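Each chain, written out:
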Amino acid sequence: MIADGVEDEEKWLAAGIAGLQQNAFYMHRALDSNNLRDALKYSAQMLSELRTSRLSPHKYYELYMRAFDELRKLEMFFKEETRRGCSIVDLYELVQHAGNILPRLYLLCTVGSVYIKSKEAPAKDVLKDLVEMCRGIQHPVRGLFLRSYLAQVSRDKLPDIGSEYEGDADTVVDAVEFVLQNFTEMNKLWVRMQHQGPAREKEKREKERSELRDLVGKNLHVLSQIEGIDLDMYKETVLPRVLEQVVNCKDEIAQYYLMDCIIQVFPDEYHLQTLDVLLGAFPQLQPTVDIKTVLSRLMERLSNYAASSADVLPEFLQVEAFSKLNNAIGKVIEAQPDMPILGVITLYSSLLTFTLHVHPDRLDYADQVLGACVKKLSGKEKLEDKKATKQIVALLSAPLDKYNDIVTALKLSNYPRVMEYLDSETNKVMATVIIQSIMKNKTRISTADRVEALFELIKGLIKDLDDAFHDEVDEDDFKEEQNSVARLIQLLHSDDPEEMFKIICTVRKHILGGGPKRLPFTVPPLVFSSLKLVRQLQGQEENPFGEEESTTPKKIFQVLNQTVETLSNIPAPELALQLFLQCAEAANDCDLEPVAYEFFTQAYILYEEEISDSRAQVTAIHLIIGTLQRMHVFGVENRDTLTHKATGYSAKLLKKPDQCRAVYACSHLFWVDDQDNVKDGERVLLCLKRALRIANAAQQMSNAARGSAGSVTLFVEILNKYLYFFEKGNPQITVAAIQSLIELITTEMHSDSSTLDPAADAFFASTLRYMEFQKQKGGAIGEKYEPIKV
Amino acid sequence: MNFLIEAFKPACSISIKFSDGKTRKRVPIKRENGQTLLAPLFRNQENIAGKITIEPHQGKRIEHNGVKVELLGQIEMYLDRGNFYDFTSLVRELDVPGDIYERTTYPFEFSMVEMPYETYNGVNVRLRYVLKVTVSRNYGGSIIEYLNFLVHNYSPPPSINTSIKMEVGIEDCLHIEFEYNKSKYHLKDVIIGKIFFFLVKIKIKNMDIEIRRRESTVTGATNHVETETLAKFELMDGAPVRGESIPVRLFLSPYELTPTHRNINNKFSVKYYLNLVLVDEEGLRYFKQQQITIYRLPLQDT
Chain F
1 MIADGVEDEE KWLAAGIAGL QQNAFYMHRA LDSNNLRDAL KYSAQMLSEL
51 RTSRLSPHKY YELYMRAFDE LRKLEMFFKE ETRRGCSIVD LYELVQHAGN
101 ILPRLYLLCT VGSVYIKSKE APAKDVLKDL VEMCRGIQHP VRGLFLRSYL
151 AQVSRDKLPD IGSEYEGDAD TVVDAVEFVL QNFTEMNKLW VRMQHQGPAR
201 EKEKREKERS ELRDLVGKNL HVLSQIEGID LDMYKETVLP RVLEQVVNCK
251 DEIAQYYLMD CIIQVFPDEY HLQTLDVLLG AFPQLQPTVD IKTVLSRLME
301 RLSNYAASSA DVLPEFLQVE AFSKLNNAIG KVIEAQPDMP ILGVITLYSS
351 LLTFTLHVHP DRLDYADQVL GACVKKLSGK EKLEDKKATK QIVALLSAPL
401 DKYNDIVTAL KLSNYPRVME YLDSETNKVM ATVIIQSIMK NKTRISTADR
451 VEALFELIKG LIKDLDDAFH DEVDEDDFKE EQNSVARLIQ LLHSDDPEEM
501 FKIICTVRKH ILGGGPKRLP FTVPPLVFSS LKLVRQLQGQ EENPFGEEES
551 TTPKKIFQVL NQTVETLSNI PAPELALQLF LQCAEAANDC DLEPVAYEFF
601 TQAYILYEEE ISDSRAQVTA IHLIIGTLQR MHVFGVENRD TLTHKATGYS
651 AKLLKKPDQC RAVYACSHLF WVDDQDNVKD GERVLLCLKR ALRIANAAQQ
701 MSNAARGSAG SVTLFVEILN KYLYFFEKGN PQITVAAIQS LIELITTEMH
751 SDSSTLDPAA DAFFASTLRY MEFQKQKGGA IGEKYEPIKV
Chain D
791 MNFLIEAFKP ACSISIKFSD GKTRKRVPIK RENGQTLLAP LFRNQENIAG
841 KITIEPHQGK RIEHNGVKVE LLGQIEMYLD RGNFYDFTSL VRELDVPGDI
891 YERTTYPFEF SMVEMPYETY NGVNVRLRYV LKVTVSRNYG GSIIEYLNFL
941 VHNYSPPPSI NTSIKMEVGI EDCLHIEFEY NKSKYHLKDV IIGKIFFFLV
991 KIKIKNMDIE IRRRESTVTG ATNHVETETL AKFELMDGAP VRGESIPVRL
1041 FLSPYELTPT HRNINNKFSV KYYLNLVLVD EEGLRYFKQQ QITIYRLPLQ
1091 DT
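First to last, the protein sequences are chains F and D. No gaps in the numbering here: position 580 of the first sequence is 580 in my numbering, and each next residue is one more. Here my numbering = 1-based position in the second sequence + 790.
Just so you know, the hints here were simulated from the structure itself, not pulled from any lab data. Predicted model, so just to flag it, every value in this text is computed and none were measured. For glycine and all other residues, C-beta sits at the position ideal for the given N, C-alpha and C. Keep in mind that the hints are not guaranteed to be accurate.
[To be verified] Think about it this way: if two alpha-carbon atoms lie no more than 27 Å apart in a straight line, the pair counts; the simulated DSS-like pairs of lysine-lysine are:
| hint | chain 1 | residue 1 | chain 2 | residue 2 |
| --- | --- | --- | --- | --- |
| 1 | D | K995 | F | K41 |
| 2 | D | K812 | D | K993 |
| 3 | F | K202 | D | K922 |
[Unchecked claim] Okay, the calculated beta carbon distance ranges per label pair:
| hint | chain 1 | residue 1 | chain 2 | residue 2 | range |
| --- | --- | --- | --- | --- | --- |
| 4 | D | F1041 | F | A335 | 37 to 45 Å |
| 5 | F | S53 | D | R1052 | 42 to 50 Å |
| 6 | F | K11 | D | G1073 | 51 to 59 Å |
| 7 | D | L827 | F | H221 | 27 to 35 Å |
| 8 | F | D32 | D | T895 | 47 to 55 Å |
| 9 | D | D876 | F | D32 | 34 to 42 Å |
| 10 | F | H221 | D | D1070 | 55 to 63 Å |
| 11 | D | F1041 | F | P287 | 47 to 55 Å |
| 12 | F | K11 | D | F1041 | 49 to 57 Å |
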């Protein structure tokens, strides 16, 4: 049925066009022969085609455009006619003899245009007459098109300032009056369209109406182009009149479109100077009007205007643009209690953008906006609406983008309060945005208070905000988030150790609640940050502030101890162990023996109680050995205890090769180059011998288990240790011992049961080559090597 | 054959010429056969003077019982079997009985003729003025020649000319007020007015204004009324809403109107009405008729 309707419409349009063309043909003939009477007759008949009610606005437009073209020719003819001596006044009367009103008015407008040009009557009189007479068309579509025609033919003939039609009697006031009246009437017709026809076609009609909106809006455009409208006139006449019409028409589509139109067509400075009036209209609009979009556009425009030049900023201050906008938004929200929260947030978001652009120095304004937003959000559950949360993110991101500096945003007391209304997902997004902003701008956050505020903001990343299950959280995403938190922690820095310590404590306070999944990410950066501080303090020779200084490495280490301990509880023993060792080393550098010892103790306990995986043990033991080797703070007793333990652990590793390697590594614990008191050649040798034994055992086990001897790699490695200590001058390492080891290896390599291991062969070969090289080098070393036979 | 024709031909030709015929205004007049011809125009109490020329054909002698010219004002009622009523009848004897041998010219003059009624061509009635020249003869019948002329009477602009303003309506359905700027219009006048809509509950399609002429004729005891619509002028297209005001501007000049005639010799009257018609979407017509007076200003003869 609908398809039929469309088909019919096509048919009607075709018929209309045919009728129009036919009459246009006769009209042309009359024009060519200067036959005025016939010209009028056929033009009226031609225009009668526009009387149809059967076409949709879209199709009607097509017909109208054809008629429009023909009317241009007719207008030319009228012009010539007056040149030939026909009185324009007579002509103006003559066309009004037409019996049908629509053709009559089209003709009247056409002649009226010539009439104004002739200047035989003041333009304003003609315009006034035309706009009045057009009232006769009350049919919305036909009326709109007729008045649109009037607007079209008159727009270059308005008595604007500087126009040739301006005169004593004709002023810009008349031009404005004319356009305003035409606008008002057109809007009325347009609004009325919705009531015409059956209710079930409402949707279709609304669509058609939207298609026609530009016809109405064109009037505002014409107004905006009238040069003579200065600010006063705009303020006193134009805007109030337009707004009156907009408000009174009580139509959603019209109000939305026209408000937007006003905002778009008139200059920014006018808006600024008439903010009161303009904003005053908003609460009066229908509750269904999408005010947020319109207001947002207004603020966007004003923001851009403010951004365009610094010269205009005083204007903004002078008219108190911010408080006016703020009030207006408040009123609109009040007037529209049903406005979805999305709308509210959008409005505040725009206002915030505005104030950031216009009053970058007025943080209190920004905070005020956020506060208002909080107020509106309060009493509501966390937001479910995806769009709304997105909008909040935009709202909260605005200050960051503007100031490139989280520090400023941190001063906004309402900022975190807004964030509270985000669901945890969005909260995280927002927190990430904040962190990224900090990192991008390398913002320095150097006071504990700010850190406190900052962590309050990003707590979505720091801890689980609610009990909801987050099974769906992507592992990678989580890592990404936590890594960014870690980076953030690294960025926090103050040159003042006192303050820095406070920062550390603050961060610690926050991250400790992060739970087992987060701590492994967040604790290490904190630890390293703290260690950095320790080293900084250590660099300062004497405490310049005397006794009052409360931040001492000792104190930091206490905190660290507790911090790292939390890791062991979650459990992440390997990580905790590493950090303990790091701390121990730092304590070592600070000459704090008991602290260092304590850390080692902690590490050992972890090793003994928590680290059960053999591979992890291997890694841990090597770390322990390496760290311990570098420690110089320990007294003999402590050192003995620790090395003894380490050696013990080494020998208890599960796999023989691991044992072997750990044990020979332990040899270094007894021989430290730059520590004269740690040069116990005997125990070095003991370690190496023990390693050899283990290597042997490994070889035999391998033989027993697989029927073939294992690799000789371990022997070669031990040989290398021998050589190392030999060169270092350990008296216990003798040429003979080396010699026998070489032989042992050679024998092993040539035994039947040995498996081929090219890597081991190469290793051995290059070790031998090294020895040869050392021999040939001569000097003290060469002499040392001399007795060894390779 | 020529002889035969000759025999039935009038023995002479009669021509009537007004003395100011060259300068006098002529206006078109419709004849019964539909043709229009120009006829001289007179006013009430004007002198009607001229010359009548009688020219015998081919030197014939015309024996007559006298020559006279009559000025007749007649009302012709079509419904009354075409009877004429002469309301004016003036006679001038031009010649005593005798013979006319050659072209003879008689001057004539009716001075200050009472012609109170205007020439009128209506549906059922006609009022005309005519000059009738009669050459009376005993044999062969009298020779008669007619000449139509027109009479228009002018009125000064009325001293009292109030506007027509009226509220009309159908309860809870339609309530309008219309206003026409005057109640008396001259023939080339323009009706200015407006229609104000107080209440519109019906779906109006359009609104027209019509000019209607009511011609009443009295034939004996019967009274016959004929109404014609002379103008139909669309005022509004589409349905207005409450508070709308629609302008009226109707030029009267394109229409063939006559002045209002209240009572012409107790025979007929011609009255004019403005009829405001609202048509709804179902085609129902709502109308209100208002009488207006039409008068003729000097120098308003087409």
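Against the range 55 to 63 Å, how does the distance between the Cβ atoms of H221/F and D1070/D compare: consistent or not? 37 Å, violated
Indicate whether the distance between the beta carbons of L827/D and H221/F respects the range 27 to 35 Å. Because 59 Å falls outside the window, the suggested range is violated.
Can you let me know if the beta-carbon spacing of S53/F and R1052/D is within 42 to 50 Å? 44 Å, holds
Kindly confirm whether 49 to 57 Å is satisfied by the beta carbon distance between K11/F and F1041/D. Once the Cβ atoms are compared, 37 Å apart, the range 49 to 57 Å for F1041/D and K11/F is violated.
Kindly confirm whether 51 to 59 Å is satisfied by the beta carbon distance between K11/F and G1073/D. 24 Å, violated
Is 37 to 45 Å respected by the C-beta to C-beta distance linking F1041/D and A335/F? 51 Å, violated
Hint check for P287/F and F1041/D - Cβ pair distance inside 47 to 55 Å: 49 Å, holds
Restraint status (C-alpha distance of K202/F to K922/D at most 27 Å): 75 Å, violated
A range of 34 to 42 Å was offered for this pair. Does it hold for the Cβ distance of D876/D and D32/F? 54 Å, violated
Does the structure keep K995/D and K41/F at a Cα separation of 27 Å or less? Distance of about 24 Å is within 27 Å: holds.
Outcome of range test on Cβ distance (D32/F, T895/D; 47 to 55 Å): Hint holds: Cβ distance 52 Å, inside 47 to 55 Å.
Can the restraint linking K812/D and K993/D be considered satisfied, given a maximum Cα separation of 27 Å? 59 Å, violated
The structure shown violates the earlier hints numbered 2, 3, 4, 6, 7, 9, 10 and 12.
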